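Chain A is fixed; fit chain B onto it per the hints.
Protein chains: 2
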Amino acid sequence: MGKIHTPHGTIDTPAFMPVGTQATVKALTPEDLLSCGVQVILGNTYHLYLRPGHEIIQNLGGLHRFMNWNGPILTDSGGFQIFSLNKLARVTEEGATFQSHLDGSSHFFTPEKAIEVQTSLGSDIIMPLDEPLAYPATWAEAEASLKLSTRWALRCREAHRSPSQALFGIVQGGMFKDLREQSAEQIVALDFPGYAIGGLSVGEDIELMREMARHTALLLPENKPRYLMGVGTPADLLAGSGMGIDMFDCVMPTRNARNGTLFTAKGKINIRNARFKTDPNPVDPNCDCYTCRNFSLAYLRHLFLADEILSMHLNTLHNIAFYQRWMKNIRDTIRADRPFDLAWTDDPAVTPGHPEFP
Amino acid sequence: MGKIHTPHGTIDTPAFMPVGTQATVKALTPEDLLSCGVQVILGNTYHLYLRPGHEIIQNLGGLHRFMNWNGPILTDSGGFQIFSLNKLARVTEEGATFQSHLDGSSHFFTPEKAIEVQTSLGSDIIMPLDEPLAYPATWAEAEASLKLSTRWALRCREAHRSPSQALFGIVQGGMFKDLREQSAEQIVALDFPGYAIGGLSVGEDIELMREMARHTALLLPENKPRYLMGVGTPADLLAGSGMGIDMFDCVMPTRNARNGTLFTAKGKINIRNARFKTDPNPVDPNCDCYTCRNFSLAYLRHLFLADEILSMHLNTLHNIAFYQRWMKNIRDTIRADRPFDLAWTDDPAVTPGHPEFP
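Residue numbers (this note's numbering), protein chains in the order written: chain A, 14 to 371; chain B, 14 to 371.
Excised from the complex, chain A in its bound form (with noise of 0.2 Å):
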């Protein structure tokens, strides 16, 4: 546990990113996020690249001001967009060919070329280019794309200018220890002021994941912030923080919410289903929220079949507000040099696996 200092204010870490892909948390408002805890949000660079275009969010003040969030924001390098978004993305020594998914035009991206988009943007923490590997990957694959990824972020770090932005490094690695290995010594070596562990979270099973999130986390510096991409789910940051990761990031609180599944300290619930129909309790009785200190599960599951904005409002706000407090007590609990003892009573078939610490 710890604290990251950047330009626009400090993380308590281990720290949970809500994702805002287009200069905006789905839903929300700043200052609902504000509300909610967060301290530190993610942007999209492919994203905000394509629209409004990074020339035109820096004309205007850079993303901070433009979406009027004032606290820390990491973006990312618009790789795993490139890659997850557009199956005919060609890569080359030199960068990345990809068409554009709103419009098919074409776009050129390389490692300068993404330090360039994301000084544009000013974000806090930014990353370098990579190659995302696909999954299944062989062992030789696995090699020759962390390899690449290297190159590219030794040439992100010749690119980055901005002494009040930090780059970051990527682990990649697959699911192979020793490449996991033989990423994380090349990128140490490089210096960077933190360090992500990517290439999980992307289809395969979760006690693989955790694994190979382990065995990398142990690689990394102590003394640096550890960002383990794309994860996860409550159970996954807890068991996450076990290993000494400070930052994460995933779609899940949002994006579920978006789907009608809630958090609740015993488990999660779809705001769909019929046993809510004429429920006049809160989503969970011990949440602080705005929604669960207004509404009650038949209202927003009325919201929901209604097919109400605010639906998505209140369930994101609640999802979010969830999130915050679960690693608020992670933190807690480290400070306190407690044993890990948040139950968390997940469907098993939905997350599978229950919290786990090395």
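Simulated from the structure, these hints should not be mistaken for lab results.
There may be inaccurate statements among the hints.
One copy or two, it doesn't matter: identical chains are merged, so the pair holds either way.
What the hints assert, rightly or not - SDA-like, lysine to any residue: derived pairs with alpha carbons at most 25 Å apart:
#1 Lys-100 / Asp-320
#2 Lys-290 / Ser-113
#3 Lys-290 / Asn-81
#4 Lys-290 / Asp-350
#5 Lys-290 / Trp-152
#6 Lys-281 / Asp-350
#7 Lys-126 / Glu-217
#8 Lys-160 / Val-104
#9 Lys-290 / His-114
#10 Lys-190 / Asn-72
#11 Lys-39 / Ala-319
#12 Lys-290 / Phe-189
#13 Lys-160 / Glu-68
#14 Lys-290 / Gly-75
#15 Lys-39 / Asp-301
#16 Lys-190 / Asn-81
Remember, it's a predicted structure, so these values are computed and weren't measured experimentally.
Using the frame of chain A, we list chain B on its own:
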């Protein structure tokens, strides 16, 4: 100008009531409504009867508690939606038969049923079932319709038992002044605590609407609230206030917001417009709403084009704040006994005519 006292608080008049069809003013929380200065909202009986059902709402403590809006609520009778959403609705002396627009199920609404449902909802002001007249209609059609509505109004008054709910009367009569007089005479004779002007803003020319509204308003008691149903533009509210109208409702500010149309002191704008692409200014520099205090036109345009939920929230918040401030300006003008001098430079192609007063 005056005040309407209800069990859930006092309404300063003339007042605009945002429409909360399905137990929510679309895209806003009750807290948002309060931040805009909203004092009273309208609920739609037809929608709530079908989903989630008035009995569920009653069992959960009534509509106020269900949606957590503790201010006054006016509900309509359901009549307008029965006919506008069900082209095959059939009317007899007894009531109206219609199919649910949700699942096609058959329903029969009578004047007594409309009162029963609204009693279950617990709204502060309730409306009698009446038969909306098609536009255009002949004199004979309009006369037959207003007479049926009078008979139904009498049945509603007899069915009305709840002392905490004020049942208003509705004056019909189509676009015929003599029939408006006939209807007003019959409805006023039934001695309701307030009177609505129904059957306007149904497709007729704006000048005709205002002429009929003015003619009807003059037929109603001065010491009771006058409510012009389903109206209208800011210019209409200004004109109507000049006629002595106390209450208005319209989906315009909320629906327009979701379509990207925003109200400003200089007229309406559409946020999609390319001229806002890089505009750092707020929608309206004189507006103190959350949207205008925190976000640029460029950001709002981006959110709209990116189809973000936050777009609908921020746009709606602004339009409702605009409407409420507009009404406050009208009340202040009346209180100060000043001539109406509020400029409304709307696009005449969209909102024909300019403020006019008798």
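Now the hints, each set against the structure:
no.	hint	verdict
1	Lys-100 / Asp-320	between (32 Å within a copy, 23 Å between copies)
2	Lys-290 / Ser-113	between (43 Å within a copy, 20 Å between copies)
3	Lys-290 / Asn-81	between (38 Å within a copy, 17 Å between copies)
4	Lys-290 / Asp-350	neither (43 Å within a copy, 52 Å between copies)
5	Lys-290 / Trp-152	neither (52 Å within a copy, 47 Å between copies)
6	Lys-281 / Asp-350	neither (28 Å within a copy, 59 Å between copies)
7	Lys-126 / Glu-217	neither (30 Å within a copy, 58 Å between copies)
8	Lys-160 / Val-104	within (13 Å within a copy, 77 Å between copies)
9	Lys-290 / His-114	between (39 Å within a copy, 20 Å between copies)
10	Lys-190 / Asn-72	neither (44 Å within a copy, 59 Å between copies)
11	Lys-39 / Ala-319	both (19 Å within a copy, 11 Å between copies)
12	Lys-290 / Phe-189	neither (48 Å within a copy, 47 Å between copies)
13	Lys-160 / Glu-68	neither (31 Å within a copy, 65 Å between copies)
14	Lys-290 / Gly-75	between (45 Å within a copy, 15 Å between copies)
15	Lys-39 / Asp-301	both (21 Å within a copy, 24 Å between copies)
16	Lys-190 / Asn-81	neither (42 Å within a copy, 54 Å between copies)
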